[in-house]
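K.L.:
Following the hints, put chain B in place on chain A, whose structure we already have.
There are 2 protein chains.
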Amino acid sequence: MASVETPASSMAEGRLTEEFAVPSHVEAERARMANFAMRHGSAGRRVVLITSGGTKVPLESRTVRFLDNFSSGRRGASSAEYFLDSGYAVIFLHRHRSLYPYTRLYSGVNLMDALHMEGDGGSDRVVVDQQALPNIASVLKRYRAVKEAGLLLPVEFSTLSEYLHLLKAAAQALSSIGPKAMFYLAAAVSDFYIPASEMPEHKIQSSNGPLQISMNMVPKMLSPLVKDWAPQAFVISFKLETDPSILLERARRALDTYRHQAVVANVLDTRRGYVVVVTRETQAELALTEEDAHAGVEIEERIISNLSAAHSSFITLQG
Amino acid sequence: MASVETPASSMAEGRLTEEFAVPSHVEAERARMANFAMRHGSAGRRVVLITSGGTKVPLESRTVRFLDNFSSGRRGASSAEYFLDSGYAVIFLHRHRSLYPYTRLYSGVNLMDALHMEGDGGSDRVVVDQQALPNIASVLKRYRAVKEAGLLLPVEFSTLSEYLHLLKAAAQALSSIGPKAMFYLAAAVSDFYIPASEMPEHKIQSSNGPLQISMNMVPKMLSPLVKDWAPQAFVISFKLETDPSILLERARRALDTYRHQAVVANVLDTRRGYVVVVTRETQAELALTEEDAHAGVEIEERIISNLSAAHSSFITLQG
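Quick mapping for you: the protein sequence lines, in order, are chains A and B. For reference, each letter of the first sequence is one residue, going 1 to 319 in the numbering used here. For reference, each letter of the second sequence is one residue, going 1001 to 1319 in the numbering used here.
If we strip away everything but chain A, and leave its shape as in the complex, we get (with noise of 0.2 Å):
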């Protein structure tokens, strides 16, 4: 397939150039993220962008306030250890302080409750206590196997901004690769932002009464990503609803637009426990069974064996 420019996609990559200052660090990340899937992708292994968290979207520009999107990282930070299962090597461009791969597993212990100190006179060591780090031992050892083996790399994003030109300069990053690459869009992106140039400087001042927010809509990304920066990739979006009888159709409806491969459509109530894996052609509904929960089995792992599966398939096609 060849990269076809069309209005849309065309216009939402220069709203990006217009609108949405280019960060600092973007160049020495795509550098960074060009060399990786390089090295990768001559030794003959699949690539992943995983994007977790959500956008810091700021109101004033010495931010003191902004509009956020609920996210832990959790879907992405478990989804890159699937998939580092799976024997792909993974970029992951998460929000800063968001849910990282296997520290994951511990977010929720203070560090200082699992630790203790082993001291013979002058030598103080200090051990963990592995009843309050449960499989210490072990997620250990994998997180220094793929550290070693040089298979996860961490990039981070705060704003919207940085989010946008990250997920740019990745996708040109990762073209070199043909459809080796895939795309797995778990960040929680804002819809809506405010223009750098209707924003205040300072702080508003709350002595000015009730707050009036007029915010335009961010372009969509994933027009120029799938037709211009990476028109090879197998590229995986996520649509997120609280009403479930909307979310087929919107699923359906973004596959229509953006001519991409698959969509993850979930519920915010139950989306721990079932997905749904729509493509053009095909509805695959994925749920874990009381038992499955119980034994710890996360639903990422199916997933993720669903998707690897249909990028093997995919890759075949192209080749």
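Think of the hints as simulated: they come from the structure by calculation, not from any bench. Hints should not be assumed to be uniformly reliable.
Beta-carbon label-pair distances, calculated as ranges [as the list claims (entries may be wrong)]: (1) A/M199 <-> B/S1086: 39 to 49 Å; (2) A/D113 <-> B/T1270: 29 to 39 Å; (3) A/R45 <-> B/K1147: 43 to 53 Å; (4) A/M199 <-> B/A1287: 27 to 37 Å.
Listed next, the stretches of chain B that the computed footprint assigns to chain A, with coverage defined by at least 3 CB atoms under 8 Å from CB atoms of chain A [unchecked claim]: (5) 1183–1195; (6) 1236–1247.
The beta-carbon is built from N, C-alpha and C at its ideal position, and this holds for glycine as well.
P.N.:
Just chain B now, kept in the frame of chain A:
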């Protein structure tokens, strides 16, 4: 000073009751805080309530989007340590997942990079790399001493509504110890919110076009706190601005309006090295020199030293 009911304080309290639903866990937290205050008060100890972190203001009742205030919780968490060092018992009312006393010193470190295995065959031990977590042995000792003495009571909030009701519960719980209670209100509390009656139930659809948000002003709780809930306590509020030219005037205006004891005034860009403690009669500039900063001195040490001395005088005057 007897409690005098004024229109401003009773109006704010009335709006709290009418417009913000009481979270289910408030009664249990109130009892924990009251026990804590009673126990330490009868041991002759002062008790400080520290509020810390930003408040979440939902835009939808099944929340996907929310407004937030910039705050890592660093100031509140480090202040808690200096209050503990000064002999206070601390109620730490903080945003879920914001920085926490002691662990905050290691928040930038990936836990997995700070641990290593020590296997001698069968029994794997996991040990802390003390270069990755500097001073961990001494920090752990301080944390343990505080915990064993029961000197730190953590209470969590996420939403603005939880914050407001927990603040009221805390104030009432601390009223039993009179002037020995200090309020150190460092949380970044939203000035604006959307009333439940005007909030859409479901996720706002981006297909409906640009977003108009209209937000009401949050009632100022400092008013009933000082007048009605804890009229004998020593109360400190914070004023953060981005524009230095309006800072001191706003601090003085807050003292005139609420009649509390002090405002810690600070500017976003310089808040880690410079604050002004403003009282009705005095104005103390606290600043770190370059040598201080180099030596790892924190501005919170100076703030707590100043306020703790002022609190002593306050108690003497009341007695």
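K.L.:
Evaluate each hint against the coordinates.
P.N.:
Here is what the structure says about each hint:
1. A/M199 <-> B/S1086: 39 to 49 Å: Since the Cβ atoms of A/M199 and B/S1086 sit about 41 Å apart, the hinted range of 39 to 49 Å holds.
2. A/D113 <-> B/T1270: 29 to 39 Å: Check passed, 35 Å falls within 29 to 39 Å.
3. A/R45 <-> B/K1147: 43 to 53 Å: 46 Å Cβ-Cβ, so the 43 to 53 Å window holds.
4. A/M199 <-> B/A1287: 27 to 37 Å: Cβ of A/M199 to Cβ of B/A1287: about 31 Å, so the range 27 to 37 Å holds.
5. 1183–1195: holds (count 4)
6. 1236–1247: Holds, because 4 residues of the stretch 1236–1247 of chain B bring their Cβ atoms closer than 8 Å to Cβ atoms of chain A.
No hint from the list above goes unmet by this structure.
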